[in-house]
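A.B. asks: Now for the letters of each chain:
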Amino acid sequence: MAVKDYIRERFFPHIWCPGCGHGTIMNCMIRAIESTGIKKNDIVLVSGIGCSSRICGYLDFHTLHTLHGRALAFATGVKLSRPELTLIVPMGDGDALAIGGNHLIHAARRNIDITAIIMNNSVYGMTGGQYSPTTGYGNFSATAPYGNIDQSFDIVKLALGAGASFVARTTTYHVTSTIEILEKAIAHKGFSVVEIISQCPVYFGRKNEFASAVNMLKYYRTHTTPIGSKMKKKYPELIERGIFIQEERPEYCSEYDKIIEKAHKER
Amino acid sequence: MKKNILFVQGNEACVEGALYAGLDFFAGYPITPSTEIAELLSYRLPQNGGKFIQMEDEISSMCAIIGASLTGKKVMTATSGPGFSLKQEAIGFAVMTETPCVVVNVQRGGPSTGLPTSGSQGDVMQARWGTHGEHAIITLTASNNQDVFAMTVEAFNLSETFRTPVILLFDEVVAHTRERLIMPEQGEINVVERLKTSVKGGTDYHPYLPREDGRLPMSDFGGIHRFNVTGLMHDMWGFPSTNPKIVYGLMHHLVDKIQGHTEEITRIKEFFVDDADYLLISYGSSARTALHVVRNRRARGEKLGLLELQTLWPFPVDAVKRRCATADYVIVVEMNMGQILHEVKKASDNPDKVFLANQINGSFITPTDVLNILRIIQGKGS
Ligand code: SF4
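Read top to bottom, the protein sequences are chains F and P.
Under the working numbering, the letters of the first sequence match residues 1 to 267, in that order.
Under the working numbering, the letters of the second sequence match residues 1 to 382, in that order.
So that you can see chain F by itself, here it is in the shape it has in the complex (with noise of 0.2 Å):
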């Protein structure tokens, strides 16, 4: 299918910057989701509040625009009523991370067939450049004039530490990796997160002396390598990207009906 057959063009121009990731990744989710075959009308997106959950309104699935942070705690009631269909949930890292950050360990503990995916742009976009729980130590932001002090989450280790049984990590420079990432983490029974990190060049970028959104691009190229590379050995500071687990494990949804069926002999 053309990707126009996706989009729900009434409503573009998006609201987006230039230059903003987030319309990179929107792009790697149609490609993504047209490779697994999966038909549009099986598809649910729930969204929170942000840049990010934008993407709910302007993709023809059946689309749930819900609150900030918790996009996951009315996606997990979706699916287990409707265990049949396939739930994404595009978040950005405030979103996930601050607010929903309990929603988020919890649903991959369960190991709920989910697929969230994290738009990681370390700022809080939509409401003018606030720095986030992925803002690096000494960056700047609205409210961190003179540089954050907050350590930052590694999205990566977090979600493996919760249980998720699919955790990956690419970036919106490498959109043929994102595009492959993503398929695998949709097609993934069990629940997936997938951090992609992205450039909000206006917020993040401007206060953090990049001077363009091609330059954001160009950092995560040189800043990120592949999991395990030798790069990696030489120079331990560089972001690993790929998939860091893909594990079969009992999903949620599958082991409630064997509580159905015990509850059932019970009657």
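Simulated from the structure, these hints should not be mistaken for laboratory data.
Note that beta-carbon positions come from the ideal geometry of N, C-alpha and C, so glycine has one too.
Please note: incorrect hints may appear among the correct ones.
To be verified - Restricting the straight-line Cα-Cα distance to at most 27 Å, the calculated cross-link-like pairs of lysine-lysine (DSS-like) are: (1) F/40 / P/200; (2) F/39 / P/200; (3) P/257 / P/321; (4) F/39 / P/196; (5) P/257 / P/346; (6) F/233 / F/157.
Stated by the list, open to error - Computed footprint of chain F on chain P, listed as stretches where at least three residues anywhere in the stretch have a Cβ under 8 Å from a Cβ of chain F: (7) 20-32; (8) 68-74; (9) 82-96; (10) 232-243.
Starting from the known structure of chain F, fit chain P with the ligand onto it as the hints suggest.
C.D. replies: Just chain P with the ligand, lined up with the frame of chain F:
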């Protein structure tokens, strides 16, 4: 046929009512004094193929039931004071997206952690105004197990009819009192099913286009129609809009669909009201005390009557006004500092004749608490 009679707690009566009404999905978080509802449903729901999930907190429980309801399920969550505070933002989401759901709040003493194991009726105003922004809401209550059952079924019926969250505002005393519950037969109480759209798959379905009678037929989310659901102000397709005309229309629709049907939503019980000189107005467990006082005094020839409210919101202004008009004095009996009192004063032709008999220390309100006020009114005490 032999009646099926149970001896149960109020919380169990609520569970029986919910299952009778066709509950499919429950999400909750443990909290005293409502926990028995979750415990029982974790056992009972899967027996009927329904789903139970204990979420990580109160907020996610509320969100999960909204998600499940959108897909076409009958849903409920249960909590108590502090948990009810936490659910408020998501209750507003259900109001805005017109998603049917039932929220049980077994009230306990507050504010804050307050008195976790004591009775209170302090959340009457929170039920009305807990979520931010202008809106209308339906809130029901009950004073005994039989009514807890009936009002729970009503809550599901009203929530489906008006596409709105319905709050079941019980209190600790009713929730934990063990008494008889006569189980109604199938079909004995009307059960309202969801109004589904007849629009065929693939064609233009408008999730937020009211019919002539104001009702909005639903399509199961994730089913044959693809549409958008958002907590933002939205147009008839469910897409965000800031157009003042659309916003005005939606605000009015959300408020009018409930406020405009107050009479239809009103559930009240009347005891000896026709010739009452002294009218007691009460609800929930307090109404049991009030009824006791009324019966005792009637036996002595004093003309006391009781108006028991089962619908708290929208407030039954007309019904209250009518009954107040014929009484010399009105005493509102409740376990708070006068939350329904003020509504009654507003509705009454003469607010100066409306008095409060209350209890706020965690103890159950007693006949003496009511009689003390009665004596003051009658000039017998100080
Ligand atoms: S504020 Fe940042 S994240 Fe938001 S749309 Fe603009 S560039 Fe993108």
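A.B. asks: For residue 257 of chain P and residue 346 of chain P, compute the direct alpha-carbon distance and say whether it is at most 27 Å.
C.D. replies: holds (22 Å)
A.B. asks: For the pair we were handed, residue 257 of chain P and residue 321 of chain P, check the Cα-Cα distance against 27 Å.
C.D. replies: holds (22 Å)
A.B. asks: Three residues minimum, CB to CB under 8 Å: does the region 232-243 of chain P make the cut for coverage by chain F? Let me know.
C.D. replies: holds (count 3)
A.B. asks: Need the status of pair residue 39 of chain F, residue 196 of chain P: alpha-carbon distance at most 27 Å?
C.D. replies: holds (24 Å)
A.B. asks: How does the coverage statement for the region 68-74 of chain P fare against chain F, requiring three or more residues with Cβ below 8 Å from a Cβ of that chain?
C.D. replies: holds (count 6)
A.B. asks: Confirm or reject the coverage of the region 20-32 of chain P by chain F under the rule of 3 or more residues with a beta carbon closer than 8 Å to the chain's beta carbons.
C.D. replies: holds (count 3)
A.B. asks: Within the assertion that chain F covers the region 82-96 of chain P, do at least three residues meet a Cβ-to-Cβ distance smaller than 8 Å?
C.D. replies: Check passed, 3 qualifying residues.
A.B. asks: Please work out if residue 40 of chain F and residue 200 of chain P have their alpha carbons no farther apart than 27 Å.
C.D. replies: holds (17 Å)
A.B. asks: Are the Cα positions of residue 233 of chain F and residue 157 of chain F separated by 27 Å at most?
C.D. replies: Holds. Residue 233 of chain F to residue 157 of chain F sits at ~19 Å (cutoff 27 Å).
A.B. asks: Taking only the CA atoms, is the gap from residue 39 of chain F to residue 200 of chain P under or equal to 27 Å?
C.D. replies: Judged against 27 Å, a Cα distance of about 18 Å means the pair holds.
Of the hints listed earlier, there is not a single one the structure fails to meet.
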